[in-house]
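K.L.:
Generate coordinates for the entire structure from the input sequences, incorporating the hints supplied.
Position 21 (the sequence shown) corresponds to 21 in full-length UniProt numbering; numbering is contiguous.
A few of these clues could be false.
Unchecked claim - With a straight-line Cα cutoff of 27 Å, these simulated BS3-like cross-link-like pairs (lysine-lysine) come out: (1) LYS54 to LYS66; (2) LYS144 to LYS54; (3) LYS66 to LYS144; (4) LYS144 to LYS159.
As the list claims (entries may be wrong) - Per label pair, the in silico range of CB-to-CB distance: (5) HIS51 to TYR91: 18 to 28 Å; (6) ILE127 to LYS159: 18 to 28 Å; (7) ALA145 to GLY63: 30 to 40 Å; (8) ILE130 to SER19: 18 to 28 Å; (9) LYS159 to ILE130: 37 to 47 Å; (10) ARG53 to ALA83: 21 to 31 Å; (11) ALA83 to GLN129: 16 to 26 Å; (12) GLN27 to GLY63: 37 to 47 Å; (13) HIS15 to LYS159: 18 to 28 Å; (14) GLN136 to ASN11: 13 to 23 Å; (15) LEU14 to GLU147: 24 to 34 Å; (16) ALA123 to SER155: 14 to 24 Å; (17) TYR91 to LYS159: 39 to 49 Å; (18) PHE138 to SER44: 17 to 27 Å.
These are calculated hints, taken from the structure and not from any lab test.
Note that beta-carbon positions come from the ideal geometry of N, C-alpha and C, so glycine has one too.
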Amino acid sequence: MHKNEEFILGNVSLHLQLSTALEVMTQIICNASHPPGAAQLAASLELPVRHVRKLLRALAAGGLLKPHEDYQDCWTCTRAPHAISLADIYYCLTDAHEESAASCGVPHADAAASGADLLLMQATVSINQIVLQHLQRFDLGRLKAAESAMLFTASLREKARALSGAMMS
1 MHKNEEFILG NVSLHLQLST ALEVMTQIIC NASHPPGAAQ LAASLELPVR HVRKLLRALA
61 AGGLLKPHED YQDCWTCTRA PHAISLADIY YCLTDAHEES AASCGVPHAD AAASGADLLL
121 MQATVSINQI VLQHLQRFDL GRLKAAESAM LFTASLREKA RALSGAMMS
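P.N.:
Structure follows, in structure tokens:
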């Protein structure tokens, strides 16, 4: 039996990196007035602080974050949430990976080694371009809207409980 795994770009590692980066960005955006530090982010994500700091540096190198002016080891967004897309986060991650591979002297695979490899590479590039077009459509401004909707819904529930409690009394 095949288990249906859904990963962006069909890559488990990249999907995990993207979801972790999105969680980091979410926490920074939703806590803009009291930004979490790298250690706090690491604890909430149950990841090593070193890994989170590396991710923060990649997002900063891509122009999405900058060090907080007042708090040490804290970061702020350089743009409004609606101006940051999932594709922007993806590009930060892939740029950091490419720089890391280049600095380590890792040779790039010869994709044109055979006709089959070339065909597979072309298909992968085509699919990835389509996925990236869709990622561009999802901006982080939706996080604030979702958070507001959840708070509004919670407020309505609380009012309904209070009203039903008053009616039963």
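K.L.:
Evaluate each hint against the coordinates.
P.N.:
Against the structure, the hints come out as follows:
1. Of the pairs offered as hints, the one joining LYS54 and LYS66 holds, with about 13 Å between alpha carbons and a cut-off of 27 Å not exceeded.
2. For the hint linking LYS144 to LYS54, the alpha-carbon distance of about 25 Å falls within 27 Å, and the restraint holds.
3. Between the alpha carbons of LYS66 and LYS144 the distance comes to roughly 20 Å, so the proposed pair stays at or under 27 Å and holds.
4. Under the criterion of a C-alpha separation no larger than 27 Å, the hint pairing LYS144 with LYS159 is consistent with the structure, at around 22 Å.
5. Separation of HIS51 from TYR91 is about 20 Å and conforms to the stated range, judged on CB atoms against 18 to 28 Å.
6. For the pair ILE127 and LYS159, the beta carbons lie near 48 Å from each other, so the given range of 18 to 28 Å is not met.
7. Between ALA145 and GLY63, the C-beta spacing of about 23 Å breaks the proposed range 30 to 40 Å.
8. As the Cβ distance of ILE130 to SER19 is approximately 20 Å, the hint placing it in 18 to 28 Å holds.
9. Between LYS159 and ILE130 the CB atoms are about 45 Å apart, so this pair conforms to the stated range of 37 to 47 Å.
10. Checked against the hint of 21 to 31 Å, the C-beta distance between ARG53 and ALA83 comes to roughly 24 Å, which is consistent with it.
11. Between ALA83 and GLN129 the beta carbons are some 22 Å apart, a value that agrees with the proposed interval 16 to 26 Å.
12. One distance hint, 37 to 47 Å for the beta-carbon pair GLN27 and GLY63, is violated here, with the actual separation near 19 Å.
13. Judged by the Cβ atoms, the range 18 to 28 Å given for HIS15 and LYS159 is violated: they are separated by roughly 39 Å.
14. A hinted range of 13 to 23 Å holds for the C-beta pair GLN136 and ASN11, which are about 19 Å apart.
15. A C-beta distance of roughly 26 Å is found between LEU14 and GLU147, which places it inside the suggested range of 24 to 34 Å.
16. For the pair ALA123 and SER155, the supplied restraint of 14 to 24 Å is violated, since their beta-carbon distance comes to about 49 Å.
17. Range check, TYR91 to LYS159: Cβ separation about 44 Å, and the 39 to 49 Å hint holds.
18. A hinted range of 17 to 27 Å holds for the C-beta pair PHE138 and SER44, which are about 22 Å apart.
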